[in-house]
Amino acid sequence: MSQHIAETRNSCALHGALQLIDAIRGVVPVIHSNAGCGMQHFLGINRQGNNSGPYGSPPVSSSNISEKHVVFGGSSRLREQLKNTVKVVDGELYFIVTGCSTEMVGDDIPAMAKEGREQSFPVIYANTPGFRGDVHHGYQLALKALVEQLPGLEGEKRSKKERRVNVFGILPGQDPFWRGNLEELGRLLEGIGLEVNLLPGEELGVEAWRRVPEASLNIAVSAWGEPAAKLLDERYGTPSLFLEALPVGHAAGNLLRSLAELFRLDAEKSDRFIAAEDTRLRRRLAELSDLYFQAGLQQSFALVGESAAVAGIAEFLTGTLGLLPGLLAVTDPLPEDTSETLMQSLSGYQDEFGAQVVFSEDSARIADAIIESKAGIVLGSEFERPAAEELDAVFLPVSFPLGRKVVIERGYAGYRGASAFLEDLFSARLSGKT
Amino acid sequence: MNDKRGKHIAIYGKGGIGKSTTTSNISAALAEAGYRVIQVGCDPKSDSTTILRGGNDLPTVLDTLREQSKVRIEDISAVGFGGVLCIEAGGPVPGVGCAGRGINAAVELLHDLKVFEEHKPDFVLYDVLGDVVCGGFAVPIRDGIAERAFVVTSSDFMAVFAANNLFKAINKYAPSGGARLGGVIANSIQANYSRPLIDDFASHAGVPVVGYVPRSMVVAQSELYGKTVIEAYPDSEQAGVYRKLASCIDANSESVIPRPLNGPELKKWARTWGDRIFQAESGVVQHMESI
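Protein sequence lines correspond, in order, to chains A and B. Note that the first sequence covers residues 1 to 434 in my numbering. Note that the second sequence covers residues 1001 to 1291 in my numbering.
Hints in this document: simulated from the structure, not taken from any laboratory. Certain hints may be false.
Taking lysine-lysine pairs in the DSSO-like style, the calculated list, with each CA pair at most 27 Å apart, reads [stated by the list, open to error]:
# : chain 1 : residue 1 : chain 2 : residue 2
1 : A       : K83       : A       : K114
2 : B       : K1114     : B       : K1070
3 : B       : K1070     : B       : K1172
4 : B       : K1268     : A       : K68
5 : B       : K1070     : A       : K68
6 : A       : K144      : A       : K157
7 : B       : K1268     : B       : K1168
8 : A       : K161      : A       : K114
9 : A       : K68       : B       : K1045
Just chain A, with the same shape it has in the complex (with noise of 0.2 Å):
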């Protein structure tokens, strides 16, 4: 029996593409496609995510194909646009990504790309079209195509620094919190000894892109970030750790324990960060004790977002909250090799706790399960707040998209994020219901 889908937060390859490139400093898309394409991609994830990229607001470079360019081939269009891309704007790497209709038409887009850099500007270019795949898809096949055409660009070869950790595999956007997560993971990191290169990062831009072949290893959060993980190690041998979950709070503390003896780092240091780390996150919990308990926090919830956060904050609420899980929902639709790690960590959910796992994209099923779940506490998206009210429940957004909240810095990875989460959760309980 066909289904409909219901509000559906996960856009496609295209916009996954655009969404990682929006998010690295100097670097300019190009889209090859029809006007409507870029124009969703700001409608879509700039006006729900509440943020914008530089380039890729309304403005953004699109070669606006017509009728003409599909029937005679749209590469000489492309061309024409590249061209009058670099005269308008000084970009440090011009990006094509491509739409359906010119990759159902079979336009030449490496062609296109190598004509830019024969006369001497940076252009490298990804596959898009939205029928291969999601925004996830799109993300990674931007992602592989900076792993794999940038080294290109430049002569030198790069060698490997013994302490140097790429992290990627947070999708811009589609986690609203992706930059305050990021960083909190890069400075726990720097903090055990690591020297940290994140994957879109603050201050390198492009750099941090040509750095990626420098790293002894690679951490690859949530599933989305594995196949770029096993690329770069077929192409360079670095290994990689891959991160199911996102983690929150005391997680954070397995996880630079396990990398602290993996480097081989100076363990008496390490070991005292941690325990500063730890102990900051503890005392903050023992001040918010009596308001738990006043409160009333200690109650059912329903968490929906993508795996990696699902996973993370489930943790965090069940396991330092004792908060009781009635409902996870998944919402970004996993491989098919997806980890064990994961799908048994979500299971365990199941088996221990009675909690109802749900993998959907479909926001009526997930409300659905949501009021069947009576839950007290609802963690979601916007579109998850209509039944977080039908409940009379707490609500507080987690996940793309956050409707009515913005976030520039935030993140809720590692203890930091630990800490803005808990006051995200505490603020909500107080300021009403919903």
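Take the given structure of chain A and dock chain B to it, following the hints.
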């Protein structure tokens, strides 16, 4: 001809099988019989109507559409032999763009320009690249365009294969109002086995064969003069063949929904014919066999 719209007929066939030659000669024969005819070439090669108009240049619909935003019928048509209005849809050069979308866009433009309402043809013949490789090439047989399709085939297996593909397309579109099959036009009949082979294939697919066009030097000669046989050698036997074919298409408006052979069936059918032709060539006499 009371129907104001005229009879719209699509003629398909594998590339190089003689489809444009056959279509042009049918157009010429219909025009000679006094009908108003439009022939629309739906092939990016845009050489469907060449022999109707003495090889003169004719800007294609899509080229014109690319160059100018406002297109008039005069810009994209030429009057050929017997008053046949010649139109070439055109398309991209090989290897780029989307020829299928091109056909779609060109046919749409002809409707927008009200070519058929204004010219008031008795017959509109669409000459279409016959492998029906994608949806665009099936546009002429979809609802509201041609009501009947014919397929030109020789006895070569690949031509039969292409004909079978067209049957699949008709089979898909006919139930929802698309064109039905008028029949098979057997072309380049030369070897002894050609006619029985095409007859046998047609009977397997449940479709009629509406005419047999023998291979002839006259056709090649006429083409070299840039003319149809009807124009160059009106008294030849071959001209008679095309006239008969045209009158058959005119007089008979019956059509069927073909039963295309599936992959294994087609292979099995072809193998039987391989054996039969081999036996005939090596002198094995079969009872009651025509070859």
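Here is what the structure says about each hint:
1. A:K83 to A:K114: 13 Å, holds
2. B:K1114 to B:K1070: Cα-Cα ~14 Å, so holds.
3. B:K1070 to B:K1172: 35 Å, violated
4. B:K1268 to A:K68: 44 Å, violated
5. B:K1070 to A:K68: Holds, at about 14 Å.
6. A:K144 to A:K157: Holds, at roughly 19 Å.
7. B:K1268 to B:K1168: 18 Å, holds
8. A:K161 to A:K114: 31 Å, violated
9. A:K68 to B:K1045: Answer holds: K68 of chain A to K1045 of chain B is near 17 Å, not above 27 Å.
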